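Engineer: One letter stands for each residue in the lines below.
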Amino acid sequence: MNTELFGIIATFLLTLLIAIPLGKYLAKVFAGEKVWTDFLKPIESGIYKLSGINIKEQMNWRQHLKALLTINLLWLVYGFLVLIYQSKLPFNPDGNPDMTPDLAFNTIISFVANCNLQHYSGESGVSYLTQQFVLMFLQFVSAATGIAAAVVFFKAFRDKTTVQLGNFWEFFVRSITRLLLPLSIVIALILTFNGTPASYEGKDQFVSLQGDTVNVSRGPAAQFIAIKHLGTNGGGYFGANSAHPFENPNYLTNMVEMAAQTIIPLAMVIAFGCFIRRRKLAWTIFGIMTIGFFMLLIPSLTSELGGNPAIANMGISQSTGAMEGKEVRLGPAATAYWSTLTTVISTGSVNGMHDSTMPLTGLWQLLGMMINAFYGGCGVGILNYFIYLIIAVFISGLMVGRTPEFLGHKVEAREIKIAALVTLLSPFLILAGTALASYIFTNHGDAAWAVQPKNWLNNAGFHGFSEMLYEMTSSNANNGSGFEGLGDNNVFWNISTGIVIFLGRFLPIIGPVAIAGLLGAKKFIPESAGTLKTDTKTFALMTFAVILVLNALSYFPALALGPLAEYFTLIK
Amino acid sequence: MKKYIIQSIRLTLVLIILLCVIYPLSIALAGKLAKGNGGGEKITQNGKTVGYALLGQSFTKPQYFWGRPSAVGYNAAGSAGSNKGPSNPDYLKEVQSRIDTLIKYNPGLKKADIPAEMVTASGSGLDPNISEQGAAIQIARVASARHLNPQKVKELVALNTLKPFMGVFGPSSVNVLKLNLALDNL
Chain X
42 MNTELFGIIA
52 TFLLTLLIAI
62 PLGKYLAKVF
72 AGEKVWTDFL
82 KPIESGIYKL
92 SGINIKEQMN
102 WRQHLKALLT
112 INLLWLVYGF
122 LVLIYQSKLP
132 FNPDGNPDMT
142 PDLAFNTIIS
152 FVANCNLQHY
162 SGESGVSYLT
172 QQFVLMFLQF
182 VSAATGIAAA
192 VVFFKAFRDK
202 TTVQLGNFWE
212 FFVRSITRLL
222 LPLSIVIALI
232 LTFNGTPASY
242 EGKDQFVSLQ
252 GDTVNVSRGP
262 AAQFIAIKHL
272 GTNGGGYFGA
282 NSAHPFENPN
292 YLTNMVEMAA
302 QTIIPLAMVI
312 AFGCFIRRRK
322 LAWTIFGIMT
332 IGFFMLLIPS
342 LTSELGGNPA
352 IANMGISQST
362 GAMEGKEVRL
372 GPAATAYWST
382 LTTVISTGSV
392 NGMHDSTMPL
402 TGLWQLLGMM
412 INAFYGGCGV
422 GILNYFIYLI
432 IAVFISGLMV
442 GRTPEFLGHK
452 VEAREIKIAA
462 LVTLLSPFLI
472 LAGTALASYI
482 FTNHGDAAWA
492 VQPKNWLNNA
502 GFHGFSEMLY
512 EMTSSNANNG
522 SGFEGLGDNN
532 VFWNISTGIV
542 IFLGRFLPII
552 GPVAIAGLLG
562 AKKFIPESAG
572 TLKTDTKTFA
582 LMTFAVILVL
592 NALSYFPALA
602 LGPLAEYFTL
612 IK
Chain W
56 MKKYIIQSIR
66 LTLVLIILLC
76 VIYPLSIALA
86 GKLAKGNGGG
96 EKITQNGKTV
106 GYALLGQSFT
116 KPQYFWGRPS
126 AVGYNAAGSA
136 GSNKGPSNPD
146 YLKEVQSRID
156 TLIKYNPGLK
166 KADIPAEMVT
176 ASGSGLDPNI
186 SEQGAAIQIA
196 RVASARHLNP
206 QKVKELVALN
216 TLKPFMGVFG
226 PSSVNVLKLN
236 LALDNL
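From first to last, the protein sequence lines stand for chains X and W.
Following this note's numbering, the numbering of the first sequence begins with 42 at its first residue and continues without gaps.
Following this note's numbering, the numbering of the second sequence begins with 56 at its first residue and continues without gaps.
Incorrect hints may have been included.
[To be verified] Restricting the straight-line Cα-Cα distance to at most 20 Å, the calculated cross-link-like pairs of lysine-lysine (PhoX-like) are:
(1) X:75 - X:97
(2) W:148 - X:244
(3) W:90 - X:107
(4) X:97 - X:107
(5) W:97 - X:97
(6) X:613 - W:87
(7) X:244 - W:97
(8) X:90 - W:57
(9) X:244 - W:57
(10) W:103 - X:244
Calculated from the structure, these hints are not laboratory results.
Keep in mind the model is a prediction, meaning the values are calculated, not measured.
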């Protein structure tokens, strides 16, 4: 038990040890200052040349968003075509079939959006071509999209008044060449040498010690799993994600994968502070995020280590904690830690099945995704936090009776409207989506879909409601984990979550970039005694209160119907 | 707009070559140096492959140590957990029947000694490990089925126990396949 706690403490420290210098490095990379990886410049120049890109061309925030949306749209079309024709394309040694159009719609949006919600299973649903040329490709570029969007936002606050926010392609390409690709190589090698398959060999067959014939799915998984975590994507190569012994062979790889998914979101906060030369602001943001993370982690740990009360009643001691859906080599502590990480950060990979975690752990997982800004996904985490920050600036401004300002720019009606819309979007998508699903489940149970609505839920009652709530929450947060008992590969879930993922990805990118662009273009007002300081502890607590109040008001009723109700039935 | 479309297409093609060809191929090539040549480490007995070191397999005979319950019957081409919620009544019945089975096949076993992992399904359905306690409760059964001294079996379990990573991080565990192989090779 103690060694399990040491394991997660060591992982957190390891993460900080990597993330802080990485953040400083990233600030330099995106500011164009000298760094030791500058030897990669010729490769970058080659990429720009082949793509017809002139990085000296400065873009304003609208042009940035146009470039971002154009290339993302292209990936949607490209990926969709591959998915629906994969059986006719090469590199399909296991002979897996084409995806149905609704499943392809869901899958491609999910991977373009850095969500990686999977309504297929890796072993039987995709070819090697799809895994590498579509899914893994998108894991790289969707993470780079998020990072590039965040850099545009950084740019807007670096100089006093500016509309020239750098070149989108440059930020995007550098995110790959200076960050995602080199680190992926390191992580993929660690995984490969710990037993994760990396070769292109197809399925294998053997006769087990006891005489059963067993088929084994394999393939180039290590390459995929590295970027899956680094880019906070989370889509598993195999169905069981990082609970699968091939994806996560031992405790060392588990520590590496946990650190890998956390370092970029943390580093982006540090990079923000260095880039705009306001380190104190970054540290207060970092502090609030960390407090939020631990407030979700500690109760998750206690509820998982405490075991399942219903199984305790049968006379089983559960001295190691709740084990359903978990792996012995990782243990419940590391699984609770991972489940908190993967939901506050929008990774959505799992090393144990969330559907089988204790009701309160499920509550913290849901809350982590609803808030979606305690660290948050690659690049987008800090953008999400920024929206809360603007709301906090506005409310504080109202309280003291001044025009609110942020970093020397007046925050006016237009910016607040955008922030309010983005804030309201999440509860709308999650709650309306869950309500619609519940309505269909109760009133149209016999609809002739691939999985009939009455058969959607693997668990009846309150837990079943949580399964639907979780699916919508995970989609909106671009998280991608699931209460996987849900029968989700049918037209309703494929289309509805596809739409939720799409809106939940792009509006929260467009909103903050637009606000930053608008603010950056405004006249700079030097700080005076009357300026609201945003880098103080008081203001940080204010932001924290805004986060808690907004989310509690939006989601408490839904959470009470799902995990809370289940908790009270279980302990009665 | 048109400019962005053309740039997007060209950039996508260039990145596909870098990220989907050069990157994975170089890792696969490096993987040739890893155990199992990067195709997963195999375990052989008398020259025949009997399993993968990392993948659990089904053991039901009394002379073998049993692994954990699996929601997919140890199907290594379709990994999954049970996804049963903690309060699901059908699931709790299943757990009860697993307890009964263990007690039936391991005479003298007390409920309180059964570790949780032996009556709950793993996340992947392929968990290769059980805890030391999970092995300890089966020693008597295995020894009597094989007509061995329990002390000898206990020593084998100890030999096949993997300590926490670097001695201090994470749980210790027993690889069921390797342990059973060692028993067969006695």
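Engineer: Could you run down the list of hints and mark each one as holding or not?
Structural biologist: Now for the hints, and whether the structure bears them out:
no. : hint          : result
1   : X:75 - X:97   : holds, 17 Å
2   : W:148 - X:244 : violated, 36 Å
3   : W:90 - X:107  : violated, 47 Å
4   : X:97 - X:107  : holds, 17 Å
5   : W:97 - X:97   : violated, 53 Å
6   : X:613 - W:87  : violated, 56 Å
7   : X:244 - W:97  : holds, 13 Å
8   : X:90 - W:57   : holds, 18 Å
9   : X:244 - W:57  : violated, 44 Å
10  : W:103 - X:244 : holds, 17 Å
When the structure is compared with the earlier hints, violations turn up for hints 2, 3, 5, 6 and 9 and for no others.
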